[in-house]
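Enquirer: Kindly produce the complete structure, drawing on both the sequences and the hints.
Listed here are the chains, written in short residue letters.
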Amino acid sequence: MQRRIVSLWFPRLAAERSLRARPVDAPFALSLFDRNSERLYDLCPRAESFGLNRGMTLVHARSFCPGLLTRPADPAADQRFLRMLARWATRYCPWVGLDGRNGLFLDITGSAHLLGGEEPLLDDIRARLARAGLTARLGLADTPGTAWALSRFAEGIAETGETLARIGPLPLSALRLSDQTCTSLERLGIATVSQLYNLPRATVARRYEPDVLRRLDQALGALPEQISPLGEEPGFAVRMTLPDPIGLLDDVMAAARRLTAHLCQRLDTAQKGARSLKLTFRRVDQENQAVELKLARPMRDPERILALFERGVSAVDAGYGIDMIRLEATEVEPLGMRQLDRTEGLEKDGLDDLITQLGNRVGLDNILRFQPVDSHIPERSFKLVPAAYSRPAQAWPANRPRPIRLFAPEPISGTGFEPPRRFRWRGRALTVFEAEGPERITPAWWDLDDSWAKGLRDYWRIATHQGQRLWLFHTPQHPAWFVQGEFG
Amino acid sequence: MSLKFSSVFPLKHARAHEVCGDSALSFAAIAAGMTKGAVVWISEDWRPTVNPEGLAPYCDPGRLLLTRAGNQLTALASAETALRSGAAGLVVAELSGTVGLTEGRRLQLAAEAGRTTAILLIPEGAGSNAAETRWRSTGLAAPSGPSSGLAPVPRQNGHDSTHWRWSLIKNKIGTLSEWVVRWDAAAHRVIVVSEAGG
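Taken in order, these protein sequences are the chains called G and B.
FYI, in our numbering the residues of the first sequence are 34 to 521.
FYI, in our numbering the residues of the second sequence are 52 to 249.
Honestly, the hints are just simulated from the structure, not real lab data.
Hints may contain errors.
To be verified - Just some of the chain G residues that point at chain B, by a computed CB distance under 7 Å: (1) Gln390; (2) Asn399; (3) Leu401; (4) Pro425; (5) Ile437.
Yeah, the Cβ is synthetic: ideal placement off N, Cα and C, and Gly gets one too.
Expert: Given below as structure tokens:
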């Protein structure tokens, strides 16, 4: 069966996407910061009629058209929009590929008759896109190359066999060649595709880059060209629409239970675990309420997930009732099969669930674990890492006696190299009963930390008659005494 | 007949206990070392964390799960969640305000429900009546009699002669008492130096 390809080109995709969201009644353009200035990225026909074009600086454009309205461009969102259009285009055929920034290829081989033929199919695409507020140019031919050329330069259908006749009169840039190559060919008097086709191949191959012949052959079908369809991204969202609104906690939880079971089954098939979940309730008054759940570890056990949702769900205001529930795994991570372990399984799961529960109360980043750091500076000898993304430290290095609580150094009065016999600290008069030291710690020379600006420190452990046991230090290079810790 | 130390320490399992005093932290660290499993250590986020190196002699810092709560209410709520889940071996909460009777009772019930022990580090006199026991832990100035003078004596050996006075100032199921104790790092246990404040 002869392949039939549709090339869909959206000449103003970015501008129209922005206008779809917020229409304006004025000359409109999108701007993007490029090569040291704000430049026009895309624009509407009305702005074009003022003589503006893409790539022009914004300042320049404003001088032509003072009433120009602009918004910042968002190429990433445009790309997402194009992918969405690609997904939409699968209504015509199963084989849809992206073509650059603003085009699509549809392989409609064998599916055109479903809409009554090629002409009605193109009309249908055009009508639907026009309703969506998008300008589209369409080309249909045997090869992607020719379809591309038609959509850009001569909208229409090239019947099987008339490929060369249709593409022949078109300029060279219809072959997807670089501007530089086109210019250099045009200098030789070769302006159209048919002129290029009539040249001896050997000459062209010798004088020009291989791209010239490759593109020509692709357009004429002598070289195959693949269209890569987008992989279907596995979606981890399930939804339940209810015939009558519900509002009781038990009913909502029962519905959530069915959704969770379904979602977990899907995760299981994909060998994934959910890391964060979102449960959305749509009420009859169209108000949405969402419960988010961040998990300490990827998992797909419906019962455990449901138990963790309970607290959030009970806080939802059902209003006049809920008529749609949607559960989505917003973040998933690979989670393979796990060997059941009789000895450790349950206990560890319990701790992970606890981290999740606490994390949903204070934030998962506020559940921390200590990890040793190889540093002789007391306040840097450990770091705090989020517990949900780490394992416990195995062995804690044994060190010299250190206070149980460290704080920022607090100055006390004192002179000399030995600890002061009596001093005031936090409003209390203390007298030293015994002292042990000094332990000299020098700052790391490569580390310009302000708190160590006073140079090396001589640390002393002291006990007072009042019962406090403190960690003092003396900075011999800038004589002063400080308290930095409590032994408790 | 005086109260035996071994009948009140290690702390009674699945109950909420309160500790105050200057050396409350080391009391909690020692109690944590006597338990198994994870230690959920809840504190308000303005407070500096405990120093894991200082904790290491008493209790493996790797067991700690630090929970930084925004305020005392969140800290209490987190403590209740942690206790009720029963997944942790011990829950320690550093509190800066008063614990009301309702809060204290809720924690006590949660501790019983989850079979987990709780230690609340409270300011002096801020405890609730619902606690199983309340302790005051203070450092002891002169473990071996009155000091000879004011001169700081640089000690030569690394022998740690830290002594604490642990006073039991509330006990739901018995009498009150106090002990002078010290930590035996080699045996990893608390040694009673003298009974009744000796």
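Enquirer: Run through the hints listed earlier and report the numbers of any the structure violates, in increasing order.
Expert: none
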